[in-house]
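Participant: Whenever a hint applies, use it, and build me the whole structure from the sequences.
Chains as they are written, first to last, in the working numbering: chain A, 1053 to 1346; chain B, 4 to 272; chain C, 577 to 882; chain D, 5 to 288.
Keep in mind that a hint or two might mislead.
[Stated by the list, open to error] Restricting the straight-line Cα-Cα distance to at most 27 Å, the calculated cross-link-like pairs of lysine-lysine (DSSO-like) are:
(1) Lys696/C x Lys1060/A
(2) Lys581/C x Lys592/C
(3) Lys136/B x Lys581/C
(4) Lys581/C x Lys217/B
(5) Lys98/D x Lys648/C
(6) Lys581/C x Lys215/B
(7) Lys240/D x Lys258/D
(8) Lys581/C x Lys131/B
(9) Lys32/B x Lys581/C
[Stated by the list, open to error] Covered, in the sense of this in silico footprint (three residues per stretch, anywhere, with C-beta under 8 Å from a C-beta of chain D), are these stretches of chain C:
(10) 727-734
(11) 769-781
Calculated from the structure, these hints are not laboratory results. Being a predicted model, the structure only gives us computed values, none of them experimental. In this text, a Cβ means the ideal position worked out from N, Cα and C, and glycines have one as well.
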Amino acid sequence: MSAKSIDKFMTGVLYAVAGIIVLLLAGLLGYILFQGLPHVSWHFLTSPAKSFEAGGGIGIQLFNSFYLLLLSMVISVPLALGAGIYLAEYARDNWLTDVIRTAIEILSSLPSVVVGLFGFLVFVLQFGFGFSILSGALALTMFNLPLLTRNVEDSLRQVGFAQREAGLALGLSRWETVIHVVIPEALPGILTGMILGAGRVFGEAAALIYTAGQSAPALNFADWNPLDIASPLNPFRPAETLAVHIWKINSEGIQPDAAAVSAGASAVLIIAVLAFNVLARWGGNRLYKRMTAG
Amino acid sequence: MQNYSLDDRYIKDLDPAKHEFAITTNDVKVFYGDNEAVHGVSLPFERYKITALIGASGSGKSTFLRSLNRMNDNIEGSRVTGEIMYRGLDINSNNIDVYEMRKHIGMVFQRPNPFAKSIYDNITFAPKRFGEKRKEVLDEMVETSLKQAALWDQVKDNLNQSGLALSGGQQQRLCIARAIAMKPDVLLMDEPASALDPISTSTIEDTMMQLKDKYTIIIVTHNMQQAARISDYTAFFYSGQAIEFDETRKIFTRPKIKATDDYVSGHFG
Amino acid sequence: MDPIKDAMTHKSRSAKIEARGHLISLACISLIVAVVLAIFFFVASRGLATFFTNKINLWDFLSKSTWEPAVKDAHGNPQVGALPMIVGSFGVTFLSAVVATPFAVGAAIFMTEISPNLGKKILQPVIELLVGIPSVVYGFIGLSVIVPIIRTVFGGTGFGILAGTFVLFVMILPTVTSMTVDALKSVPRHYREASLALGGTRWQTISRVVLRAAMPGILTGVVFGMARAFGEALAVQMVIGNAALLPKDLISPASTLTSVLTSGIGNTVMGSLDNNALWSLALLLLLMSLAFNLLIRWIGKKGEMK
Amino acid sequence: MKKLLGLLALISLTLLAACGAQSSSGESITAVGSSALQPLVEAAAEQYQSDNLGVFINVQGGGSGTGLSQIQQGAVQIGNSDLFAEEKSGIQAKKLVDHRVAVVGITPIVNKKVGVKNLTVTQLRQLFTGEITNWKQVGGKNLPVVVVNRAQGSGTRATFERWVMNGRQPMAAQEQDSTGMVRSIVASTPGAVSYVAFSYVDNTVMAPSLDGVTPTDQHVTTNAWPIWSYEHMYTKGQPTGLTKKFLAYIQSPKMQTKLVAKMGYIPVTAMKVQRDHAGNVVHN
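Facilitator: Here it is as structure tokens:
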């Protein structure tokens, strides 16, 4: 075969590879949505789960997932920002920094069940937070921090050094320059990373089974005092999330309609993750345009 | 190209009684790791004058300039020794607050680096951080500095536009305006026109000529015509050393050192 | 006295902000490092107890193939041979990397060299979406789609390394692809131009110049993907069959370190040998993750030297 | 950024305040452990809480091992377990008080295609040890046997091994840690055999009789069907306060006949025999 026809052939192969990957995703999404969407209804989305009868919904689990996500983001985002700033701006290029980076990488490749058990022993028992949203949020923070930190560091590094020099030459500190000049510029990248991280957190189950727990006590949605035990806002109540719910009904569910609930909940989960992705894309692009074009 | 002796030097002695100095340096050396990039430079910089630092790439002139407001502090592994006297203080010593010092010794860089903010915010950002909250003062500051940087007429109706949306020459003038809004004593300029087209370059040169009434300017330039046109004094750098320092006129007409002569007449560089 | 001179010899607000900022960021990173160290210590102390408290021979742990911590063998020793899980973990990891790499590199070439426009508009979002799909859902699909397919095509139960490989292939594809894209993008444009100017076809340019220059980056991506595959638990656990047997073939039930760890940990009592043995598996996972990281670093250094 | 930090500080303050206030907002207890028992305790807790406002019973799974180790450490008020504490290594059973709240019968299940309706206990044992490799050896179709075991250490497995395996070790085979998975694997894999609690048997799988005895609640109560176990709720020492009240509630005849039976467990009150941890059977 001549070089030209090999070129043509390989181009065809590459198109095929790209096509297969797109089909793969389409198949995955199609399958989940096709299986699950018929079970999704307003009633399903809003009513509480039933432990042994048919007709349960995922209302509380859905709320728990979002609340837990919010809480863990509130804890992990500032930490990741601080740590990312340190790595991008202050860390010297030496063995200690290497060790720190390796430690963070290792944290990110730990199986989440290990993180969950660690969270169980430390947050649930040692700190006495019990099976609670707070324990879950802290475990998720540990799970989410490495990726967020890396993302913050990478995004900050994308902003040229000239921006920092500009701030420094005006007599501003490095910190002020980073906070007020570099971070706003890196924001689209940081935001995208955070929303993608949020998607991951949303789908995480293993780390939560032992921390946020697997029960979803009834909530009183009229009570917004975070100190009341039945209040949705109470960070000390146990909270089963959507992903944990799917895991639980698949493993020990005795509801007659367990398969349907599981398929429906999976579809909702996927839609939520999809929404996060679309949001990340759209928000990131918009922010980027606003920051650069003006 | 031949090698010239670093010992063959001429630094014109300026009489402190007749000249007022903004900055003087004494035996300034800059190291990057183990590598000595600048070998003990001692130069005076007269107040309200423009001093040009010329020389080939890698001659250490930019490195030297950056050490004058300690921008080299931010480069890992770099170290500066020697004295840099400003207002009777050695600003190269540890007990000097480097941030406060940089408010008075400002800098404009080779590549325009406006913040990704509006024109107005580019100029007022630092003053606001330093506590200036009064709107009328800030407005006035924006107008004055943009006028001094010869940019006001072009942007006065679009102050909320992003600084990044300006042309290269306009961006650089915005950076100059941003620097002079701080009302510094000394303005260090590191090849401010090298990335610009000839028209923008000449606008910036005009700007500098106007600024020297109020500011001491030290400029690094590759462009000998530019040095000849705008500066009062010129220092010629070669291989990490200031070989000759004199009035610009003399450097370009009757240099005392062979290396300078060869450089200004275009034999190397 | 000169007020400027005075100001310069005192600590300015900026200097204080800087010191505070430095401290804040240092505190954040220290906290993270402390957490990692705590986990490390926690896993190590329990994982090592198997060897020090329960007196299990490390070599037996690594080389024996019977995993029945609760059952004593003929000599009265507990049987904690982790070899089946070690083989299983490495098996699915390497196989999924072998399957995923051509796809990932192909997709990355498509996105950077062939059709950056289509790549950016379609492939990039697709890849990012694949990252976002929760592993519970991957496992669910593996169980209800992949396992039956394997069962019909190859016979057996359908559970096994092959099923695990397929699921992991999809899960690590995005990681390897996006890192390969980065590696390809960092190959300077003039390399390509030079090759094209010399009359090379696009494919010759890609295969002889671009891929070669990007090799360290691609390898890093592959190792990253393998690290991910090695640590994945839920999805693999659902399709691999969880039999602590040395895998004979790709379609008989096998197990991985994570699958045994995840399924057993709730059923054992803290501090007992059964429990410690599971933590030893976790420790092994941690060490492997460390090894993968060192490997990535080493490849990076090699790449830099070139 | 400053705002963010401020927000963070505010939230942590709220949390701290909540932390302090929490202890005073009514009584609350936590029950952890066996995932097989979890649905029952959860349902009972739900009813108890609606009858008694202001109390809070937190029910979590995590496995029998977790339940026993947590109650032993005193980290929770109730440890749920499928096993006698004596049967679990690493547990000092003497310090724990057993409360039996239900009985669970366990039955072998096979894929519908194997064509076997009855097995002897010996045959069942040989299926799990690997001595029988094809269903035709026990009168079924010509299908290879696929054994699906439960995870090591699970309560269901311990019970099954105790009453079926007679001290023999099952062959190393596929293991699953959840009932739902086991059932769906047996339902979809030709030749598969495993075991689940009675309440999980549905029309996707077949539950053969054993030595002619069918797996029914009736046969469990007389011990004619020997593969069953108690569901235990352990306390550390004698229970007090809410824990005591809740345990009494769940053991009350009303709850036993209504809720326990409705959820597919066998009420303790219906048992005509008792069995201790050593396996000694006493007829009531």
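Participant: Hey, Lys581/C versus Lys217/B, does the alpha-carbon distance stay inside 27 Å?
Facilitator: Cα-Cα ~19 Å, so holds.
Participant: Quick one, are Lys136/B and Lys581/C close enough, alpha carbons at most 27 Å?
Facilitator: The hint holds at about 24 Å.
Participant: At a Cβ distance under 8 Å, does chain D reach at least three residues of the segment 769-781 of chain C?
Facilitator: Our answer is that it is violated, as 0 residues pass the Cβ test (under 8 Å) against chain D, missing three.
Participant: Given the hinted pair Lys240/D and Lys258/D, is their alpha-carbon gap at most 27 Å?
Facilitator: Answer holds: Lys240/D to Lys258/D is near 26 Å, not above 27 Å.
Participant: Within 27 Å, alpha carbon to alpha carbon, are Lys696/C and Lys1060/A?
Facilitator: 22 Å, holds
Participant: State whether the coverage of the segment 727-734 of chain C by chain D holds or is violated, taking the criterion as 3 or more residues with Cβ-Cβ distances under 8 Å.
Facilitator: This one holds; 3 residues, not fewer than the three required, reach chain D with a Cβ under 8 Å.
Participant: Are Lys98/D and Lys648/C close enough, with their CA atoms no more than 27 Å apart?
Facilitator: 25 Å, holds
Participant: Are the Cα positions of Lys581/C and Lys131/B separated by 27 Å at most?
Facilitator: Answer holds: Lys581/C to Lys131/B is near 22 Å, not above 27 Å.
Participant: Hey, Lys581/C versus Lys592/C, does the alpha-carbon distance stay inside 27 Å?
Facilitator: 18 Å, holds
Participant: Just to be careful, I want the Cα atoms of Lys581/C and Lys215/B compared with a cutoff of 27 Å; is the pair within it?
Facilitator: 22 Å, holds
Participant: Run the distance test for Lys32/B versus Lys581/C: straight-line Cα separation, threshold 27 Å.
Facilitator: 24 Å, holds
Of the numbered hints given earlier, the model fails hint 11 alone.
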